[in-house]
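Peer 1: Here is how the chains run, residue by residue.
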Amino acid sequence: MVIKEILMAVGIPLLAFSIGIVLMMFKRKIIARIQRRYGPNFVQPLIDIFKLLSKKGNITHGVMYDLGPIIALAASIVVVFFIPIPGMKLMTGSADIIALLYIMVIGSLAMALGAGESANPNSSIGIARALTLMLGYDLPFVIVIITLVLKYHTTNLYVITQMQASSGWAMWFLPLSAIAGIIVTYGALGEHPFDVAVAPHEVATGPMAEYGGKHLGLLMINHAFHIYIELALFVDLFMGGASNIFYFFAKMFVIFVLLIFFDEVLPRFRVDDAVRFYWRWPTILALLGLIIVLVK
Amino acid sequence: MKDIIERVKKISNAEVSIRKDNLIFVDTSRERLISVLYDMKLLGFNQLSIMSAVDRLEDGEFEIFYVLYNYKEKVNAVVRSRIDRENAEIETAEKIYPPAHTYEREITEMFGIKVIGNSDSGKPFILENWKDKPPMRKDFDSVGYVNMHYEFRHSADEETEGKNE
Amino acid sequence: MDKMTEEQYRAISNMLRKRSLWMLHYCTGCGAMELPPTMTSRYDMERFGIVPYVTPRQADILLVTGYVNIKTLRRIVTVYEQMLDPKYVIGFGSCPINGGVYWDSYSVIKRLDKYIPVDLYIAGCMPRPEAIITAFRYLMDLIDKGKADGYKRYKENLEFYKANQRKVLG
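First to last, the protein sequences are chains A, B and C. Numbering follows numbering that gives the first Met the number 0, in which position 171 of the first sequence is assigned residue number 170; successive positions increment by one, without gaps. Numbering follows numbering that gives the first Met the number 0, in which position 104 of the second sequence is assigned residue number 103; successive positions increment by one, without gaps. Numbering follows numbering that gives the first Met the number 0, in which position 8 of the third sequence is assigned residue number 7; successive positions increment by one, without gaps.
Chain A extracted, bound-state conformation (with noise of 0.2 Å):
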């Protein structure tokens, strides 16, 4: 019993790392693809997490800036555990839909404090702008969440994946919250119409501005989980989980080159526009489908 508890403790973040390194592979060759070039190894990221985390030299500037970069980590790796993959339950029975939302924010608290502590103004303007950003999307992500709680009448995550594969996917139900839920999915994770955060001719790439070496291959490690997290949950309330592990690969991977397709050819919002925007367009179309759900 012991010995199978210590498995999925190791195995499932594992599972989730190798799957956000994979689709960050593919991101890149995708990207390059799409500019006419050959585009670079296709382990590169693998390469690149190896080569941060051998380099020398610490510099230090204080303690909560070595932290910060931990707890987004350990952050990460424990929101893993409430996302149910196919054939198994993982934690959602004691946890709900609601609390994962609280979980999620924990990480970037940590690194507000770490970017915060670190003696270089451009950090502190990125880590401003990126809460902001989380401001904005934070309110059409949570009318999506309410509709399709009243929809299936639960807020258990396992159980809506089980309904949705009986039922039909919630995406040809729910078609506007689904949009909603597709633009939400970019701000989240810093793609490009809305990278504020993480500018990287502007702000010299935001909180991350005085990292370096072993804390930036840290930080890497945590934009591979970042990945999972959302595409999986994008997966699991719209698309109706999968059956197996390879169906749920595939659907993630529909979703992000879907992504990519956008990402490559928009430019960058500023960040007031960006909030603008988010309160006016995807919170029509989630109002649009809430009121859908409460009327039939």
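Hints should not be assumed to be uniformly reliable.
Pairs of lysine-lysine, BS3-like flavour, derived with a Cα cap of 27 Å [said to hold, decoys possible]:
no., chain 1, residue 1, chain 2, residue 2
1, B, K8, B, K73
2, C, K161, A, K55
3, A, K55, C, K144
4, A, K213, C, K146
5, A, K213, C, K144
6, C, K154, A, K213
7, A, K295, A, K150
8, A, K55, C, K154
9, A, K213, C, K166
10, A, K55, C, K151
11, C, K166, B, K122
If you want the ones that stay clear, here's a sample from chain A, every Cβ over 10 Å from chain C, calculated [what the hints assert, rightly or not]:
no., residue
12, A8
13, V9
14, S53
15, V62
16, W171
17, E190
18, V292
In case anyone wonders, no lab produced these hints; they're calculated from the structure. Where is the CB? At the ideal position from N, CA and C, for every residue including glycine.
Model the placement of chains B and C on the given structure of chain A, informed by the hints.
Peer 2: For chains B and C alone, coordinates are given in the frame of chain A:
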């Protein structure tokens, strides 16, 4: 001949020579420089394109020039005057043309010409920690300065290695 | 794991590290005009894993592209000391080698070698993107052999470099 050039010729104490259809030179003396600039501005020469100095070493003088431009008539005008090289001083033109503020800082640092009335005139502008002669003067020996302060690379120099490609 | 000695670990580590060098995107001189063609689709630089990054804390290679004033040298020394080990410096063009077209100017330094350690020079004014890519391949070769050790030389001969910097920077 354009009408504006006739009017420029009527300014007192200024000698006008015409180079091309849209380029004229206005020579004046040091004391009348500011009043000539003011008259030119009243005639419509609104833009100061550049202001600088030329070192006439053989005459022992500096020659200050202002290049002005008129948008309506599309005429360039160069206002020149000569000043003494030993005690070089001019008055500031920033009340007439505000961009002259930065150009005057530059000629103070590079030529050593004092500008009366400019508040930032003596402060260091481009060069940092410069203790030598103002470097744009013609009697500043650039090659001598380089040989004193820097070293060139000789082919048999193995003191520090750099790999060549 | 006991069988892997220090040399084998270093060989594997060099082989992996040379394929993902990150470049610092500071354009310190006029030679930076040749970097955008090297980065975009025609002479693709990302095939070798070289990506531009914007802070010194995150980058590996410092490109000194073109002439170096005294003012610029002060900032370059600060930036070089902020980068994390292992780091490499590449001098572009003929100005860091011997002064270039500015050999008789009072404010351009003539030999970059005396102030920060340089691993590689590229000749030309400005070198074409093909020459830049050849230089990166040569740098990867040097990393493989273990000869690209500019950062170690800086730490060992610190008094020499600091004396030269103090003499010219004041």
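Peer 1: Indicate, hint by hint, whether the structure satisfies it.
Peer 2: Going down the list of hints, with the structure as the test:
no., hint, verdict
1, B:K8 <-> B:K73, "17 Å, holds"
2, C:K161 <-> A:K55, "23 Å, holds"
3, A:K55 <-> C:K144, "19 Å, holds"
4, A:K213 <-> C:K146, "24 Å, holds"
5, A:K213 <-> C:K144, "25 Å, holds"
6, C:K154 <-> A:K213, "21 Å, holds"
7, A:K295 <-> A:K150, "9 Å, holds"
8, A:K55 <-> C:K154, "14 Å, holds"
9, A:K213 <-> C:K166, "36 Å, violated"
10, A:K55 <-> C:K151, "12 Å, holds"
11, C:K166 <-> B:K122, "24 Å, holds"
12, A8, "23 Å, holds"
13, V9, "19 Å, holds"
14, S53, "6 Å, violated"
15, V62, "19 Å, holds"
16, W171, "39 Å, holds"
17, E190, "18 Å, holds"
18, V292, "45 Å, holds"
Violated hints, listed in ascending order, are 9 and 14; each of the other numbered hints is respected by the structure.
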